[in-house]
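Protein chains: 2
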Amino acid sequence: MPQLRIAAAQVNSRVGDLAGNADLIVAWTRKAAEQGAHLVVFPEMCLTGYPVEDLALRESFAAASKRALEDLAVRLADAGCGSVAAYVGYLDADSVGPRNAAAVLYEGAVVATQFKHHLPNYGVFDERRYYKPGTELDIVQLHGLEVGMVICEDIWQDGGPVAALGQAGVDLVVSPNASPYERNKDDQRLPLVARRAAEAGAPLVYVNLIGGQDELVFDGDSMVVSVDGTLLTRAPQFVEHLTVLDMDLPGTAPRTEGQFGEFLVRRISLSSAPVPSYQPLPPPPVAEPLPEEAEVWFALVTGLRDYVHKNGFRSVTFGMSGGIDSAVVAALAADALGGSAIYGVSMPSTYSSSHSKDDAADLARRIGAHYSVQPIADMVDVFVRQLGLTGLAEENVQARCRGVTLMGLSNQHGHLVLATGNKTELAVGYSTIYGDAVGGFAPIKDVPKTLVWQLARWRNAEAEKRGEIPPIPENSITKPPSAELRPGQLDTDSLPDYELLDDILDDYVEGDRGYSDLLAQGFSAEVIDKVLRMVDLAEYKRRQYPPGTKITLKAFGRDRRLPITSAWREG
Amino acid sequence: MPQLRIAAAQVNSRVGDLAGNADLIVAWTRKAAEQGAHLVVFPEMCLTGYPVEDLALRESFAAASKRALEDLAVRLADAGCGSVAAYVGYLDADSVGPRNAAAVLYEGAVVATQFKHHLPNYGVFDERRYYKPGTELDIVQLHGLEVGMVICEDIWQDGGPVAALGQAGVDLVVSPNASPYERNKDDQRLPLVARRAAEAGAPLVYVNLIGGQDELVFDGDSMVVSVDGTLLTRAPQFVEHLTVLDMDLPGTAPRTEGQFGEFLVRRISLSSAPVPSYQPLPPPPVAEPLPEEAEVWFALVTGLRDYVHKNGFRSVTFGMSGGIDSAVVAALAADALGGSAIYGVSMPSTYSSSHSKDDAADLARRIGAHYSVQPIADMVDVFVRQLGLTGLAEENVQARCRGVTLMGLSNQHGHLVLATGNKTELAVGYSTIYGDAVGGFAPIKDVPKTLVWQLARWRNAEAEKRGEIPPIPENSITKPPSAELRPGQLDTDSLPDYELLDDILDDYVEGDRGYSDLLAQGFSAEVIDKVLRMVDLAEYKRRQYPPGTKITLKAFGRDRRLPITSAWREG
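Chains as they are written, first to last, in our numbering: chain P, 1 to 571; chain X, 1 to 571.
Any given hint might turn out to be false.
[What the hints assert, rightly or not] DSBU-like cross-link-like pairs, simulated, lysine-lysine; straight-line CA separation at most 30 Å: (1) K479(X) <-> K185(X); (2) K66(X) <-> K530(P); (3) K132(P) <-> K185(X).
[Claimed, not checked] Here are a few chain X residues that sit away from chain P, every Cβ distance over 12 Å (derived from the structure): (4) L232; (5) V239; (6) I268; (7) G368; (8) A377; (9) E464; (10) P496; (11) D517.
No lab work stands behind these hints: they were computed from the structure.
Backbone N, C-alpha and C fix where the C-beta goes; we use that ideal spot for every residue, glycine too.
Chain P with its partners taken away, still in its complex shape (with noise of 0.2 Å):
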């Protein structure tokens, strides 16, 4: 049977950087050619970034991106690559608007091009606003095997394009993706792969970003499926990592062209000899899907390294209280950028105990951050007394100078400030807002709480099985968690359990279940009220927290959207 060496290039491009993505294409292909490739894949709109967002309505970026694709394909054939059919993603407009392409560079020009056609428009997508879908499909002869493709959202449909391909004939299918990560997304993505491989006829070859975008991060997770559904390779998580795999392909794929129900395909001939028969490389791993705790961390991890170097800064700062959150995001931000990019602060009140300041102090050691302490009595005094602040008011003001002191640090020392807050207390509006609220990126912004402390276990548990330090002091996972912004406070005292609080919440935020869905399942009236209404009230407070990495189908900010001024109640 005809072989074909394929290599599948699981990369992290920079939204809006044509110039360096450029660059990356290069390098990457330029490996794959060293290890003899025939094709090498790269993700969705691999040339631009993912997503562009409102970027594609603009005709200059758009006529960048096309000028930046035929460029490239110059430079690929200048640098020796050009024997590589390189499919990459890009921007395309035309006449009828904007559109998700991908191209296939060879020979130094650009000699196959295809819009996506299924634009997905739910939760993080809103392709309807910008992209055009595509009804033409061109197959590319390459060493004699035809070679389709299919744009991401292409390949969740059923019917659609691949099935197009399997009726007009293809050797081989391959897909470039931009598929953000999810807490258990890879358990869909195989099945689902597997059918499409089936549909086609043929083999699939699956290629996702990797990289952290704003809210999203991208797992990677890019793998090839026999025409059966056999998982042949599969890339690790969260790295950029080049896969190259041998396939003898049977390469009797009939040629035919036209159209097929909405599809026109085309036929565009590369190259009609086969490949002399050549000595096959060992097959590649199959990597192991992450365990659950350790995707999560990964995830978290990226979207903020990603979030703080794609945008410039070095170093991060912000507020150690020695609770179980803000350590956390100590260990997160340690994982991303080293402990010596972390400028932690103490900004003890006078209701702050003592055990709190010393957990903080010890956890900076642990990570080897950069450790300060700002009491923030004086501050407050002023405001208090100037004001006539008390109750919730005066609590309030105290979270508000932690805020403008780590923001006032920031300004003078350029760091980026974190925001601590889980997905919990965004939920239900447990969060002062320009106080705890303030800063750049809040990394565990879509963790719940009960996650968090899993993940801090978690990541301690690893840290021996290496005999390295916990990163997190014992103490801030076993304290009952306490805001300290009045003596003896605990979140208890306003909140139920964490325990049932996540409970509540995965069903009426994750799964939308409604009152009497929520009564059904034996949460008592009161305690449902009273979370729904907290909910429902926090909408504006949630709107003005910053981003931070989505890892869960209903992220704050990205996914949700409803309106602040809303008078509907359940019940």
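Fit chain X to the given chain P structure using the hints.
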């Protein structure tokens, strides 16, 4: 020719308030009935409010909307209005998905329902995320006349359901709308409605919502246009209004049913006998569209008033600096809420000029606002000394101490904080995050600086015409703008002249022009570079800004969706 008395109920409904909106519909149907109307048309999704955003995806909300519609039909009959055919927009959901729907309520029952076909998914609209399109058209026979219905976007598209109604045969078309205000949009509506009336071969009753909902404000501008394009009546903008109009309709429409293009037309007969001939009412007036500044002013007043009241606040507070922005916000708030609902706070720093304090006090007197002075020197001093802040960090800490002061007073006294920044500032990032950007609502967020001055002059002139005290001190209008964060500081130290700046922003933001277009317009490369860089870098700040009434095509926050992390630079 058969007669029909039609009523257009231009009302202000509230998102999520099914009970309150049902009361509103009963009250206005009763008014229509008292005036002898045979049918009354309410705006799009009047029963749920518009837009409901992700509430559309909650099964419990859709179920409650359907129940409320059925209850409403019964209540209307109980109130003695059963014989008035009421066209009521609501949220439906069936096995296909959620539907943007409108129903005809008659004699205690829901007698017809129709789903919107064209689902807008651009600008402020995300309807393809939420709704499935409908392709069935229910034409209702009322007093022997054939009445068709189309919902909002269905009249903005050539062809589509209006053409199908025209082919099938109708005597009248009614159209419930939720069409947000935008400067000069009324110039587009009349020709559009006229074109659709011609396409339908029947007069068209266009009914639009009024009122504010988060960042959107609806202006009404409801109208009736005859088949030959004559404007028969138009309601005044930004007020609730019932238009009652007697029409002589030919009643000669064929009664064909079945498939017309992609639409299935059905006929439902409520009453086949024409109404006995009666003496028509005198024709209602045709309201003139408001002049340019008045229209913007009322849009801003309406947006602010409804945001405050629909969120349950009674009073507002904000910094009165003596500058033009806070003066215009104060005048808007006085018109929206009354002077006694305003708690202005002067927060002088050591750099504040004496004219600033005088102008602020003068403003408060003119509009009858509460007024207090809270110097920030002591607060600023603690932060600056303890943290060692200099330069920009010191400037920002002043703005942030003002932010903490306003939020403290808000927490203590329950006022909503208004942010007083304008669109030009927001565009270039000339504001302090967590400082002057704090607040629940930003009334002039979408008003460019040059328009702020223009509105100030217009409002003062209006007051003079009416023999009232102009609300805005002349000195606030004429003095050169300054943030007063360091000695002798002027906005022009950091920014181009505002006339020039607004011109560039209009091209770059509203017009989406690229670098070379801007050069071709005659702007200098240096100023383009500077402005575009400021705009691109301020995306994060803009996202953290409070919501504010949208009056332009590309309001920040509502329409423009750009990545924060982006390396793209024009030029």
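### Message
Hint compliance check: list the failing hint numbers for this structure, sorted ascending.
### Response
1, 8, 11
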